[in-house]
Every structure is written in C-alpha cells, then in structure tokens.
Amino acid sequence: MSGPLTIFDKPNSYIGKPVDRPDAKRLLQGRGKFVDDIQLPRMVHGAFVRSPVAHGRILSIDLEEARGVPGVIAVYTGADLAEHVTPYVGVLSHLAGLRSAPQMPLAVDVVRWTGEPVVMIVATSRAVAEDAAALVYVDIEELPVATDMERALEPDAPVIHPDFGSNLAWERTVEVGDPDAAFARDDVTVVERTFRFGRHTGVTLEARASVVEYDPSEDQLTCHYSGQAPHMMQYIFAKHLGLAEENVRVISNDVGGSFGIKIHTYGDEIATAAAAKLLGRPVKFVADRLESFLTDIHARDHVVHGRIAVTQEGKIEALAFDDITGIGPYSMYPRTSAIEANQVLNLTGAPYALENYRANAKVVFQNKNLMCQYRAVGHPIAMAVADGLLEDAAAEIGMDVVEIRRRNLVKDDAYPCVSATGMKLDDLSHHKTLDLLIETMDYDAKRAEHAALREQGIHRGLGLVSMIEVTNPSPMFYGIGGAPIASQDGATIRLDAGGAIHVSSSVTEQGQGTNTILAQVAAGVFGVDMDRVKVTTGDTKTTPYGGGTWASRGAGIGGEATLQAAFALKEQVLDVAAVILQAKVEGLDIIAGHVCDTDGTQRMSLSDLARTVYYRGNELPSDMSPELVATRHYRVSDFPFVFTNAAMAAEVEVDPETGFVKVLNVWAVEDCGRVINPKLVDEQIRGGVVQGIGGAFYEECIYSEDGQLENATMADYLVPMAFEMPDITVAHVETPTKTSVLGAKGAGEAGTGGAPAALMNAVNDALRPLGASIHQMPMTPERILRALGTV
Amino acid sequence: MSDSKMISVTVNGETTTAAVPVRQNLVDFLRNTMGLTGSHVGCEHGVCGACTLEVDGAMVRGCLMLAVQADGTQVTTIEGYGDRAAALRDAFTARNALQCGYCTPGMLASAVEYIEGGGAADRAAIREHLSGNYCRCTGYQSIVDAVCDVIDGASA
Numbered sequence: 001m002s003g004p005l006t007i008f009d010k011p012n013s014y015i016g017k018p019v020d021r022p023d024a025k026r027l028l029q030g031r032g033k034f035v036d037d038i039q040l041p042r043m044v045h046g047a048f049v050r051s052p053v054a055h056g057r058i059l060s061i062d063l064e065e066a067r068g069v070p071g072v073i074a075v076y077t078g079a080d081l082a083e084h085v086t087p088y089v090g091v092l093s094h095l096a097g098l099r100s101a102p103q104m105p106l107a108v109d110v111v112r113w114t115g116e117p118v119v120m121i122v123a124t125s126r127a128v129a130e131d132a133a134a135l136v137y138v139d140i141e142e143l144p145v146a147t148d149m150e151r152a153l154e155p156d157a158p159v160i161h162p163d164f165g166s167n168l169a170w171e172r173t174v175e176v177g178d179p180d181a182a183f184a185r186d187d188v189t190v191v192e193r194t195f196r197f198g199r200h201t202g203v204t205l206e207a208r209a210s211v212v213e214y215d216p217s218e219d220q221l222t223c224h225y226s227g228q229a230p231h232m233m234q235y236i237f238a239k240h241l242g243l244a245e246e247n248v249r250v251i252s253n254d255v256g257g258s259f260g261i262k263i264h265t266y267g268d269e270i271a272t273a274a275a276a277k278l279l280g281r282p283v284k285f286v287a288d289r290l291e292s293f294l295t296d297i298h299a300r301d302h303v304v305h306g307r308i309a310v311t312q313e314g315k316i317e318a319l320a321f322d323d324i325t326g327i328g329p330y331s332m333y334p335r336t337s338a339i340e341a342n343q344v345l346n347l348t349g350a351p352y353a354l355e356n357y358r359a360n361a362k363v364v365f366q367n368k369n370l371m372c373q374y375r376a377v378g379h380p381i382a383m384a385v386a387d388g389l390l391e392d393a394a395a396e397i398g399m400d401v402v403e404i405r406r407r408n409l410v411k412d413d414a415y416p417c418v419s420a421t422g423m424k425l426d427d428l429s430h431h432k433t434l435d436l437l438i439e440t441m442d443y444d445a446k447r448a449e450h451a452a453l454r455e456q457g458i459h460r461g462l463g464l465v466s467m468i469e470v471t472n473p474s475p476m477f478y479g480i481g482g483a484p485i486a487s488q489d490g491a492t493i494r495l496d497a498g499g500a501i502h503v504s505s506s507v508t509e510q511g512q513g514t515n516t517i518l519a520q521v522a523a524g525v526f527g528v529d530m531d532r533v534k535v536t537t538g539d540t541k542t543t544p545y546g547g548g549t550w551a552s553r554g555a556g557i558g559g560e561a562t563l564q565a566a567f568a569l570k571e572q573v574l575d576v577a578a579v580i581l582q583a584k585v586e587g588l589d590i591i592a593g594h595v596c597d598t599d600g601t602q603r604m605s606l607s608d609l610a611r612t613v614y615y616r617g618n619e620l621p622s623d624m625s626p627e628l629v630a631t632r633h634y635r636v637s638d639f640p641f642v643f644t645n646a647a648m649a650a651e652v653e654v655d656p657e658t659g660f661v662k663v664l665n666v667w668a669v670e671d672c673g674r675v676i677n678p679k680l681v682d683e684q685i686r687g688g689v690v691q692g693i694g695g696a697f698y699e700e701c702i703y704s705e706d707g708q709l710e711n712a713t714m715a716d717y718l719v720p721m722a723f724e725m726p727d728i729t730v731a732h733v734e735t736p737t738k739t740s741v742l743g744a745k746g747a748g749e750a751g752t753g754g755a756p757a758a759l760m761n762a763v764n765d766a767l768r769p770l771g772a773s774i775h776q777m778p779m780t781p782e783r784i785l786r787a788l789g790t791v
Numbered sequence: 001m002s003d004s005k006m007i008s009v010t011v012n013g014e015t016t017t018a019a020v021p022v023r024q025n026l027v028d029f030l031r032n033t034m035g036l037t038g039s040h041v042g043c044e045h046g047v048c049g050a051c052t053l054e055v056d057g058a059m060v061r062g063c064l065m066l067a068v069q070a071d072g073t074q075v076t077t078i079e080g081y082g083d084r085a086a087a088l089r090d091a092f093t094a095r096n097a098l099q100c101g102y103c104t105p106g107m108l109a110s111a112v113e114y115i116e117g118g119g120a121a122d123r124a125a126i127r128e129h130l131s132g133n134y135c136r137c138t139g140y141q142s143i144v145d146a147v148c149d150v151i152d153g154a155s156a
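For the record, the sequence lines run as chains A and B. The UniProt record's numbering numbers the first residue of the first sequence as 1 and each following residue consecutively. The UniProt record's numbering numbers the first residue of the second sequence as 1 and each following residue consecutively.
Just chain A, with the same shape it has in the complex (with noise of 0.2 Å):
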C-alpha cells in the first residue's frame, strides 16, 4: 500500500481499537449521577393515583382526606392540570391516516387503561405522597373494555374513542408484483402459519425518573432527565407548558438502561414539569417498579398471518402477510406507535430477493398500556416471520435451510438496490455474513452432531435469520412527518489552554459508550490520546442541537460529526502553528499532543499554542483570530436510513418431557460497517441477543380479559438472568457505509432483532423430528407442551 496514512490505519489512531471506557472507573465506584441521586433544596417528591381498571368513567374524585396529610404540599387532578398543560396527539404526517386522540398527563373524566395517571400528590417524602395518595378515592364507572386486538375490530366491540367510529388506528398495505398468481402457481409449495408475538417491555433496571425545577424569576424550566432525547423533550416540555423554548433546560446525566424507553412522553413527567411550575419548587419523581410495568411503554403484541410460495429449487416466489398489532388506547406522543407496524411492512422478507409481496398492516386501539418504540422496533416480527416460513418452507421441500438462503439473499454486489419495500438498501454483505458464520459456527458438524443425539433421545436444534437492521435514520423517520425530532447531530470540540480537547455532543449516553466512542474519534482525528478528552452530553443548554441516541445513531451520526468538527479543529490548529512556527502547513501534523513535521518530530505542544492564542495574542498577525473551537452537524442525506444486516444462528435443545429449552449457544456476524471499538460492539450485541432470548423465551406483560397486568413486579415477569444465559460468540464483516467518511452504522438493534427468529427457527427444527412446531413468543414450557399436544 502506499500513499499517506489515513484516520483508520495511522499508528495513533483509537479508530477500532478496544479501549477501554473511561467513565466505567466512575460507574464502578459507585459515583455514578443517576437522577434519583439528585437532592435538591426544598424539593418535594410526587406520586401518582392510577386507574385500577381498564376502561372507565370517572364520577367523582374525593381529596378531602389525601389534602389533609401532613407534609401534602398540592394535589392536582386531570382537570387541575389541563388549565396548564395543552393536549398532545401522536400521529405522523407521512404515516397518512393515522388517527389518535389529544392525551393529557393525567386522565380526564374517562380512563382508558389500568395504570393511567389520574391524580398527582405533591408531598415533602415520596412516602407520605403514597399515603395521600391511598386516601384517594376515585369512583369509576366501569366501562366495556377492548383488550384483544383482533376482537376489538370486531363491529360489536366497545370502542375506546367514540368519535374514531372503531378501534382501527391506522392500516397500510403495500403490493409488489402478482403475489396471489404466485401463490396460485403448480410448480410452488406454499407454507402457512400464523405468528404470535406476546407483550414485552424494556425493564430498564433505573427506572422512570425526573427532578425538575422551576425558576419563576427568568421563567426558566430544568429538568433532570433520564432519557434519549433531550432536545425533543426540551420543545415538549416548552410547548404543552407554555414556556419559551429557549427558556427550557434539559439534563440527561447518567442513564441507567433505555432500550427505547425513554425516549416518549409520559403523562407522570409532564405532570411533574407542570407541578414544579406551579408550585415553583423541585418535584422529584422516579416510578416504582410496579409503575414502570403499567406505564412504560410495551412493545411488539402482534398476531401476523403469514405465506410463502417456494419452488422445488428452493426460490421465493412470493411473500404475503397480515399483521395486526395492538398499541393500547393512544398512539404515543411524538413518535407514534404506528412506527412499528410500519419498520414491519418495510422489513419483513427485505434480505431477499423479492419479487412478489404484500403486506398489510392494522394498527389496534385496545384498553392496554401503550406500545410504542422499543429496542430494533418491528425487526423481531419481520425477521421471525420472514425466516420463520423460509425455514419452514425449506424443510417442506427437503432444502437445507443454509442453501435456500444461499438462492434468495440479495448478492453482495448487487448493491445498491431497492428492496420490494422500496427501501433504498447499499453497502450491505448477507452472503459474507452468512459464511463467515457457517464457518464460525461449523455448520456442518453441529448437524452431525445433533443428528447423532437424536438416537440417544436428546432433541437439539439448530436456527438461522439472516436480517437487516434500520440504523442512521435520515429526517425521513420523523422530521419529515412534522415531529419535533431531529435527525441531524452536532459536535463542538475546543482546545483548551492546558492543551486538551473538550467534545461537546448532541447524541447521548446511555451505557452504550457514546461517550468513549466520540472520544476516540476526536482523539485520533485531532491527534490527541485519548486521557485528554473531555466530552459532554445530554445538556441541552451546553450540547450543539440535536437527536440523542435512539436508533443505533450514536457513532453513525454522532460520531461523524465528532469527526468532521475534529478536522476542522486540527485546520484552524495547523494554521496557527504555520504561521508561529513559520512552517508551510502541508508540512505539519499533530501526534499526542503536539504539532509535529509530517515525519513526526515535535515542533511545540498544543497547550504553548493554546496560550500563544488565547494568552499573547499579539504575538499572531493581526489578520489572525483563531477561535480553536470548531463545530459540524451531520445528518445521512440520500437514503432514508442506513442498513446494516447479519446473520445469526442459535443451537438449542428442547426436553419434551417438561417443555423447557436451553440454549446452548449464539453466534452473530454483523456488518456495522467500521467497527470503532469492538469491545463496545462486541457486548451490545451480546447484551441485544440476551434482550432477544428475553422476548422469545421469557418476558411476557400478561393480561387479563379486562385488562389487569397479572404479572407486574420483577418475580412474576421473567427476565433472563446470567445462568440462563449462554456464551454469545460475535463476529464482524466489515463493509463501511459510504454515506460517510467514518463508515459507522450502528449495532444496537441486530441482537433484539434477530435472536428470536434464529431461536424460534430453532426449536422448531429440534420439534420438527417430534412433529410439532411452535410458533408462538415466548416459547414457554406450557406453550411448547401444548405444541407437542401432551397438555
């Protein structure tokens, strides 16, 4: 190779390099700034009186005796607090027809599900806002619910908001080519079957959480955070309190877990907000675990009817679904909960080259919690259902289910390309992916070996999915249907006089290592190590403006931006140092900390040109005034998102005599296109594929007909522990997307996305000898008795 040295193959570069995390020494001392760490004076805590049914009239709402608890400083009902909160409605514009109804923090005269805020105490201790809020009596008239999605578009089933005329939220179909002539054909076997995806939410282990603060003397709002997108509840708030946007503050510290969760609006922390206005105080209020199960958002709850048309030779000749999803009684503000249903329409079936599709979409009010966004949003149903009737259909025609893949993966060179979505896929590698996986996995002998067990009794099964992963998204995700979300981030970086770099940055940090990403990008970029790095996130009043981090964009966006803003610095550095050190610029560098001659020798370190600018400025020409701060934004332009995809397989071994399954192993190849700290990638794909092993196996909010969460407190709802768990092995293809100059996409969502296809796939393959199938999440032990029709 010759020519100069890049960003990604220079000796000092922390590109790729599995550093280390440098804020895991504060996490691990315990140190940590979580919200609920945060005590402020003469701050008052909140609590909540939720609805314990699911659909009801509110006749009356008693306080007499909750306002006469000591330390009960204000209690607020629906109507107390619609007099200073404007409603807030959840559609899209680009989503064309979705409906939802205005929602208010706390219910207004009906509820609507089990959990919803109806009253908010204000008291000096969270536990004397809980013994207030006991002494509230709500009476409620109880109305007919609508709980099950497919019952409740039903003509006869009661629906939620009368005006809607039914329970229909929003329905999509798209159509390519002549799938029902497809089906239709001879020479085709066609495979059938209905999915069932359950309810899951993201347990995120610091739950819910806000202090805010209100200064009546500069109209000034701050709220201490816990969530993914600060800027977007910064215009939230502002908006529906009335106050200039400018004029609210807000701080996302230390985020412990969000998986999509806290990234929507919920009723209790506007309320909160609306509270510590009123009362010009800081409110504190962190939901209890039992509130985190009613009220955070849930995920997936879809029932898809799916087909596939398969040649003898093993091509797909056609592709068609219906899903129906319920979404509980509002569409979430400002996402939508539309999004979802719509990633599956776009999703399902687009690692393969299709030419018949269809695929329609119903979105479901129901007397529920909300569903909405939740980590790799709509890519378990696409990916189960695509791959799940691949498999299927595979072993109908005596196919191996690596060789079917092998006919109808999109080629690595066909790129880019259109899917039969219409979604704009380039830079993709499924068929690098998959045999970097066979090979990683060895195929071939996990076949001989489960063959050989099967004499003896033991009923082993291996999975695959091979699956693309939204990342990156363009202001073609929300922006483009009026939400105040957006898609473009920011990176300020300054040197400073002591000859460090300080990253200022609009994506945020949840425990994903945001922070150490941007820092290895500005530390190589500007030539830096990296103990020299400060960065700052989550700080609307401090940070460029941007998105935050939610779908997989921290190091694709943000971190190109760091990027760009990390170049623009080293410029304005070397002209300095040209002119001071009267040097022809081409001529300069800087490694660790100093200008340097290309060839490497130091000519003056970064803090004595530092000082020379900000301290002898008169030692500069007077045409001269380096700033020494530079700023970029980003966003992907061109495509809608950027694609990653993978290829996964599970091995698991299923006892028939109990319906337990162990899983034995998971392998995943993901091409995320420059991986810029594996160690980083590596554990998110680890820490996916367990959220994945969660939903197909284990987590599950159970209702009741009316709508009671019958399962919510950590011992009832499963989540996967460490002895569950198998080793996870991870491999990396890497394609860079062109889209920009770091190459990043982003590897949050594959593991959630993918595990539950490679372990549905796998189960089956391991009942298939036994002559059952599931297809059912989660596969619990009595679901996979049921299977085997022995309860």
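Hints listed in this document are in silico derivations from the structure and should not be mistaken for laboratory results.
Keeping only pairs whose Cα atoms sit at most 25 Å apart, straight-line, the calculated SDA-like set for lysine to any residue is:
no.	chain 1	residue 1	chain 2	residue 2
1	B	K5	A	P70
2	A	K432	A	R674
3	A	K33	B	G46
4	A	K662	B	E128
5	B	K5	A	G71
6	A	K25	B	N32
7	B	K5	A	Q39
8	A	K17	B	D145
9	A	K679	B	D145
10	A	K662	B	G132
For the chain B half of the interface with chain A, some residues (derived, Cβ under 10 Å), not all of them:
no.	residue
11	T37
12	H40
13	Q141
Cβ pair distances, simulated, as ranges:
no.	chain 1	residue 1	chain 2	residue 2	range
14	A	P102	B	R123	48 to 56 Å
15	A	A445	B	D122	23 to 31 Å
16	B	R123	A	L59	53 to 61 Å
Using N, Cα and C, we set each Cβ at its ideal position, and we do this for glycine too.
We have chain A; now place chain B onto it with these hints.
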C-alpha cells in the same frame, strides 16, 4: 406513620447516629440520609440485586432490610469496598463488563462475595452465583469473564 427511632450504625467505618422512620428501608437511609448513592434501587422487592450491600459480613438486599434493623451493625456499601474490589474494578473495565452502570455496584458486591468465598473460575458456578443480580445491558458474558480473570489472576 411518622414514628422514628434512633439508630447507631457504622457505615464504611464511620459511625452515624440518626433518627430514622421505622418504616424506612436501609437502602433509602443510605442513599437519602447518608448521601451514599452508589447502592441503587431497581425493584424494591428483593429481586433485581441493584441494592446489594454488606451488613456484618453478610450480603443483604438493602431494600428488604429496614434501617432500624441495621442498628448496631457494620455496613459496607460500594463506596467503602476500597481495595477489596480493586482487582474486580480493573477486570470489569478491561472486559467492558458494564454498560449503564446501574446494576454495577450490586453486581460487584455479589462478585466480591463469590471471590472472597473461594469461588472457582467455573463459568456455570459464577453464572449461578450472579443470578440474583439483573443486568439489562450486557449479555452477562463479560461479567463472567471479569470474575474469571480475577480468580485466574489470583491463583496464578
């Protein structure tokens, strides 16, 4: 419901006397009264392990013990582990055995207990021991790796 009782408790070597509400749990006392916010609250019913800490040498759930029950005891929180957790901290950092860091203090306390109890570098045994501590971010694998690293290093 405001009944209080005086307690005297030694936390990380420092003895404090305080009036505590009789219904207040230990972790709330440590966090809100003592300002030791390293112990976290995840579920408040003893399942998630985020509030795991040491009382008189035994691991307890800070959310399942009342502050008044800690009267006269020696309590060690994450802030007081010092050198006992130094090797684990290094290994957790090297392995990236944490993400959001919320479960981490409790996870470290359980890992210290396993190692000081003479636990072997046996992945299944470590996984079983740590199964009282939820982590929603990592896949647990890096945590098991970190514990193994410390045990292997100690026995080398």
